[in-house]
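Knowing the structure of chain E, use the given hints to seat chain S on it.
Protein chains: 2
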Amino acid sequence: MINIAITAGGTSENMDGVRKITNISTGQLGWHCLEAILDNMLQSDTEDFHVHYLLTETAARKTLNENQQKFVSFIEVTDAESVFKAVDKLTKETKIDFFIHSMAVSDFTFSYAANIYRLAEEIEALQCERGFTNDDVRFLLENPQTQHRKDEKISSDNELIIGLKPTKKVIPLIKQNNPATFLVGFKLLRNATEEKLMAAAEKLTAQNGCDMVFANEVSLIGEKNHEGILIKGNKIIDRPRGKKQIAKSIVNNMLCH
Amino acid sequence: MINIAITAGGTSENMDGVRKITNISTGQLGWHCLEAILDNMLQSDTEDFHVHYLLTETAARKTLNENQQKFVSFIEVTDAESVFKAVDKLTKETKIDFFIHSMAVSDFTFSYAANIYRLAEEIEALQCERGFTNDDVRFLLENPQTQHRKDEKISSDNELIIGLKPTKKVIPLIKQNNPATFLVGFKLLRNATEEKLMAAAEKLTAQNGCDMVFANEVSLIGEKNHEGILIKGNKIIDRPRGKKQIAKSIVNNMLCH
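First to last, the protein sequences are chains E and S. Residue numbers are given in the numbering used here: position 226 of the first sequence equals residue 226, and the series is strictly consecutive. To convert, count from 1 in the second sequence and add 1000; that's the numbering used here.
Extracted from the complex, chain E is given alone in its bound form (with noise of 0.2 Å):
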């Protein structure tokens, strides 16, 4: 049996109930490299396989018909947190054969959010004593007394200043569980040259174990006119353009590799 993980789509990370903080990630890629599998797999009458899907609540999500749907079971998760449980739990409970992780998971989550001026005075007040450290403020900066109730929907009449902490990485787990695991890592920068994409991924590589890292810059992205680099070996070994050439390639590497 081959045992394949995709994760799929943004992470939101609650703020008050109402407010998230998210990312511009649509999971249509994620769902364009399972269909790429379905359709690989089924061509070739290969019926030993099972593909865990992974998904936030916005990402793309489209109907199987129902001989696809018996190969693939979806697993929702929210922010980055539960993604960290769910992959950790998975790789543990299953040897997956190759994983996908497309999804965008937040790197830092919300810790609490503060009025200005009160966060302000409460700095102001430190000085009353016999002086302050950079510690001293950074450790109030974590956690002020200020802050707003979690229970209770931000008001925000006033400028504010949120907290963020960050999150436990959940590409690291991956190998850590499996080592025999194929991953595909991805990597978004913003402004970056090729030269800067390559040194993204070897780094990517290097710290996670990827086999295989998909590199692409925000301004390149779309349905249509999506393009990226698809680098091996730290080798650029495809420039696939639009989402659905880029599941495919990614796909094929992957499963012939």
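It is possible that part of the hints are untrue.
Unchecked claim - Derived BS3-like pairs: lysine-lysine, alpha-carbon spacing no greater than 25 Å straight-line: (1) Lys1248/S to Lys1175/S; (2) Lys153/E to Lys1203/S; (3) Lys1070/S to Lys1089/S; (4) Lys1224/S to Lys153/E; (5) Lys1196/S to Lys224/E; (6) Lys1232/S to Lys150/E; (7) Lys153/E to Lys1168/S; (8) Lys224/E to Lys1153/S; (9) Lys1095/S to Lys1248/S; (10) Lys62/E to Lys1168/S; (11) Lys232/E to Lys196/E; (12) Lys153/E to Lys1196/S; (13) Lys169/E to Lys1153/S; (14) Lys1085/S to Lys1169/S; (15) Lys150/E to Lys1203/S; (16) Lys248/E to Lys232/E; (17) Lys1248/S to Lys165/E; (18) Lys95/E to Lys85/E; (19) Lys70/E to Lys244/E; (20) Lys1175/S to Lys62/E; (21) Lys235/E to Lys203/E; (22) Lys168/E to Lys150/E; (23) Lys232/E to Lys203/E; (24) Lys203/E to Lys1153/S; (25) Lys196/E to Lys1153/S; (26) Lys1165/S to Lys165/E; (27) Lys1165/S to Lys153/E; (28) Lys169/E to Lys153/E; (29) Lys1169/S to Lys1232/S; (30) Lys1168/S to Lys1085/S; (31) Lys165/E to Lys1150/S; (32) Lys1232/S to Lys1085/S; (33) Lys196/E to Lys1150/S; (34) Lys1095/S to Lys1070/S; (35) Lys168/E to Lys95/E; (36) Lys168/E to Lys1169/S; (37) Lys1150/S to Lys203/E; (38) Lys150/E to Lys1165/S.
Everything labelled a hint here was simulated from the structure, so no lab data went into it.
Chain S in isolation, oriented as in the chain E frame:
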């Protein structure tokens, strides 16, 4: 000619070209209001009307049949600033008779992101001079030296501080530009009693000249079990349940007021 405006969906405030601050609004209630208006008008053979439908990119949008299409024009918006401009233009150019403002427009927008260590250093340096005031800190927190460049994706290996600033309120524009418009406002609170909802609706009415307000609580929203109170002249005139029923109640009470 009866001119009706509807705003629907949640706005997105761009942070760095990839990340954004948005909210849980789906735009479903706005769409149900559009359908209720079309049903109401076309069933009574009224053809002398037009709906101006302002929506965000993530707002629900279904297919209209050919007959319905000619009564509706769509205006696409993104962030709070774009809604302000679109509503100002529309209400200056067209005498709007009924305005259903169901869009969740962000009260604040992104100002900057800063690494918490660097921001702490910058604040600490204030004490090198001859002491500082609340205002000095607030001024620094409004516009620190150490912010991430606007044209780069925010790197987030450390904790981050995000500065937010208030957006220009959209709702007061509507009656300012045309005092004769019948204005339906919306209020969404969290962990609020009916008393608090009533008080918030009264405030919304007093500040912006709403003729009717639909007030609801976060835990009671959803397609089927959406609940809330419809308030006119500071009295509850209906307690509709389910988004379709809420839309019908709003539209019927609005058109027959």
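Right, here's what the structure says about each hint:
| no. | hint | in the structure |
| --- | --- | --- |
| 1 | Lys1248/S to Lys1175/S | holds (24 Å) |
| 2 | Lys153/E to Lys1203/S | holds (17 Å) |
| 3 | Lys1070/S to Lys1089/S | holds (21 Å) |
| 4 | Lys1224/S to Lys153/E | holds (23 Å) |
| 5 | Lys1196/S to Lys224/E | violated (49 Å) |
| 6 | Lys1232/S to Lys150/E | violated (32 Å) |
| 7 | Lys153/E to Lys1168/S | holds (19 Å) |
| 8 | Lys224/E to Lys1153/S | holds (23 Å) |
| 9 | Lys1095/S to Lys1248/S | holds (24 Å) |
| 10 | Lys62/E to Lys1168/S | violated (38 Å) |
| 11 | Lys232/E to Lys196/E | holds (16 Å) |
| 12 | Lys153/E to Lys1196/S | holds (13 Å) |
| 13 | Lys169/E to Lys1153/S | holds (18 Å) |
| 14 | Lys1085/S to Lys1169/S | holds (11 Å) |
| 15 | Lys150/E to Lys1203/S | holds (24 Å) |
| 16 | Lys248/E to Lys232/E | holds (16 Å) |
| 17 | Lys1248/S to Lys165/E | violated (43 Å) |
| 18 | Lys95/E to Lys85/E | holds (16 Å) |
| 19 | Lys70/E to Lys244/E | holds (23 Å) |
| 20 | Lys1175/S to Lys62/E | violated (42 Å) |
| 21 | Lys235/E to Lys203/E | holds (13 Å) |
| 22 | Lys168/E to Lys150/E | holds (21 Å) |
| 23 | Lys232/E to Lys203/E | holds (13 Å) |
| 24 | Lys203/E to Lys1153/S | holds (17 Å) |
| 25 | Lys196/E to Lys1153/S | holds (13 Å) |
| 26 | Lys1165/S to Lys165/E | holds (20 Å) |
| 27 | Lys1165/S to Lys153/E | holds (17 Å) |
| 28 | Lys169/E to Lys153/E | violated (28 Å) |
| 29 | Lys1169/S to Lys1232/S | holds (22 Å) |
| 30 | Lys1168/S to Lys1085/S | holds (10 Å) |
| 31 | Lys165/E to Lys1150/S | holds (20 Å) |
| 32 | Lys1232/S to Lys1085/S | violated (28 Å) |
| 33 | Lys196/E to Lys1150/S | holds (18 Å) |
| 34 | Lys1095/S to Lys1070/S | holds (19 Å) |
| 35 | Lys168/E to Lys95/E | holds (22 Å) |
| 36 | Lys168/E to Lys1169/S | violated (37 Å) |
| 37 | Lys1150/S to Lys203/E | holds (24 Å) |
| 38 | Lys150/E to Lys1165/S | holds (20 Å) |
In summary, the numbered hints that this structure violates are 5, 6, 10, 17, 20, 28, 32, 36.
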